[in-house]
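Trainee: As you go down the protein sequences, you meet chains A and B in turn. Whatever position you read off the first sequence (first residue = 1), add 3 for my numbering. Whatever position you read off the second sequence (first residue = 1), add 1367 for my numbering.
Bear in mind the hints are in silico, worked out from the structure with no lab data behind them. A hint or two may mislead.
[To be verified] For lysine-lysine, the following PhoX-like pairs were computed, each having C-alpha atoms within a straight-line distance of at most 25 Å: (1) K1571(B) / K1558(B); (2) K70(A) / K1558(B); (3) K205(A) / K267(A); (4) K267(A) / K323(A); (5) K208(A) / K313(A); (6) K1642(B) / K313(A).
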Amino acid sequence: MKKMIMPLCAALAAATILAGCGGKGEPQNAALAGDSGAENGAVQTETVQAEKTKLTFLRVGTEPERKAYWESAVAAFLAANPDIEIEYQECGYGDDFETKLNTGFASGTAPDIINFTMASMGTRVPLGQYACLDEYAAQWDGKDDFMENALTLGSVGDSLYGIAVFPDPRILIYNTELFAEAGLNPAAPPANWEELLEYHKKLVKKDGDNVIQTGFGIPTSGTNMQHYLSVFIEENGVKNLVDEESHQVLCNTPEAVEAAEFLKEIADAGIIRWDSNNSDQNPFASGLAAMTLGNMTDFHNWNQGAVSGKIAMASPLTHKRQATFCGMGFMFMSGETPHKDEAWRFIEFIASPDEMWRRYEELGVTPMRESLRERYVAENPENNGIIYESINCGTGSPKVAYANSVYNAVNDAMERVMYGVEDPAAALDTAAAEIQKEIDNQ
Amino acid sequence: MKREKRNQIIWAVGMSLASFVMLIPVIMMFMTSMKTMEEIKSPVFRLFPASFSFQNYIDAMSNGIWPVYFRNSLMITGAAVLFSLLFNSIAGYAFARLSFRGAKIMFLFLMMGLMMPPQVTMLPTFLIMAKFPLMGGNDIFGSGGTGLVNTYAGLVIPLVSGSYGVFLCKQFYENFPRSLDEAAMIDGAGKWRTYFTIYLPNSKAILATLGLLKAVSVWNDYMWPLVMTNSETMKTVQLALTMFKTDSGVMWNQMMAAAVLVALPMFVLFLCAQKYFIQGIVTSGLK
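Could you build all of it, start to finish, from the sequences and the hints given here?
Mentor: This is the structure in structure tokens:
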């Protein structure tokens, strides 16, 4: 008996200390848990809290400005919906977020509402991790007012899975000063391929064989090469790099090859080589390129740097049609949540005109409702119309489970094209074969 | 004599160079923490900043609630080190000094744990923590709540055990003379008393070594806190470092400033335990 006392005491001490560790750092997001009402009596408060539905909301990214927005949006929603409690969570971009989500779904503890990228739909929709929103959208007043393309981007097949919140279009940005120096009208940026090539040639400056200034700044390597090719193949009438519905590889169709040949022609006329993995290398930022594709953050950053006050936005180019690449952040409902109605209420709130406008005012995010279009354009007539237009004609990453393989194959192919290792047709055929192999393995 | 001195000089120069190579990342981290983003982005690399300024440190610490992140990391590391030292040394003592049925097979299973990558055990461990009975709103069968997810206990418990620590302690205790156990037995001490009064007080070197290794691994752990925590107030310092990584790029200057501060406690700990650490490596045969 005596022999048992020591280990028992040790075990008891350990259990006591660990139980003490069971507490959490601070009362979690106390402000977000809704004001259960100091005015109400204690009993009443208990009753309200007992009836509250608890939702967890996980958003991608950790930027303080966006966090402040989300926290205030959650607080505003809770004030109007006292029967709901929301636990706000956030996690950084990339593998971290995927790991967090994978663990949650694997263990049955996935968040009820998820703010994540369009690319995630390719893998998570087929697994049933994102709920189909058709049933809710059918009764949603806002659907007819919502930007049609944003709804298309949030759909897989004919079913809606994500409600768009953060658009990220690639916009044609140009340097007005370099345009003027080259005798081009700074108020008339290129509108089609022919003009782009013509302007590019006029803007290229060489010192012997060295290009010291380029017209259209396109990267020659890196993981964003596929964005550039996507823009041009879509302008040339191709749906995307692959057909999401039929899983047909489209990156080596004659139109896609023609687009790659056009990019190669631009490169041959004179470009400054840079790696798209490192946006800081983009010659546009230092005034060594007169045009490039960038997003709104790039525009903002460049406008504070060496080319400050000299840059402007242009509408997406038109060849067979007008197109650009447009990434998008969505609100998704977990396919596993038992609180679908409550989760939809939050998503609907976030997609409301008031919240959209607040996002514009606080974060500069473009509102994607037709009813807000005029007001938005009036705020900054020079740029906002172009941004809206770019989102409206934008197509994002193909929503397929093998999207990463598509990106890798196309990036490699375009690098070979840009460095003259392979001609566009052969390089894109190689990429298509790699993608097809991946599709066959699915 | 001359030759010996020459060899010594060559050795010293060689080791100094090797040390410098090892220090390059630390030097780079410190220098970057003093630079502006313009200097970092500049195509021309310069090791030294244009001017030494601690503004990045101030800016980095103004983002988020760093005292809470540091407190969380300290508590988790402290608890994990304390309990792992206790349990690992007891287990190591048992394997080294007690003969009991199934000891060999148990030790074999324990060693298998060394070969298991943490990614394999992460999900099962997470499930055990999430389904922990009577915790976090869970019923006796472990359902209905979140268990130990987002709690200190959930972060600490899985880190307390460890094949490596048990193995290290076993190796260390096997070097103790058998006569110590015999003398204790003659004096009437039982196994627990022998462990607590003879073995434990003579284990400073191994405990310091193990404690240091554990502290560094828990302090630097990223994946487990990432999976187990979901609120700002439970974040550890490693998780907090990701706040400088945004969708528009990485704020390298602030991230490096925060990284310097995050690395500092482990640096100080290593300096304090350096003497015992080397002893522990020598006596346990650790390489």
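Trainee: Evaluate each hint against the coordinates.
Mentor: Evaluated hints:
no., hint, in the structure
1, K1571(B) / K1558(B), "holds, 19 Å"
2, K70(A) / K1558(B), "violated, 56 Å"
3, K205(A) / K267(A), "holds, 17 Å"
4, K267(A) / K323(A), "holds, 19 Å"
5, K208(A) / K313(A), "holds, 19 Å"
6, K1642(B) / K313(A), "violated, 61 Å"
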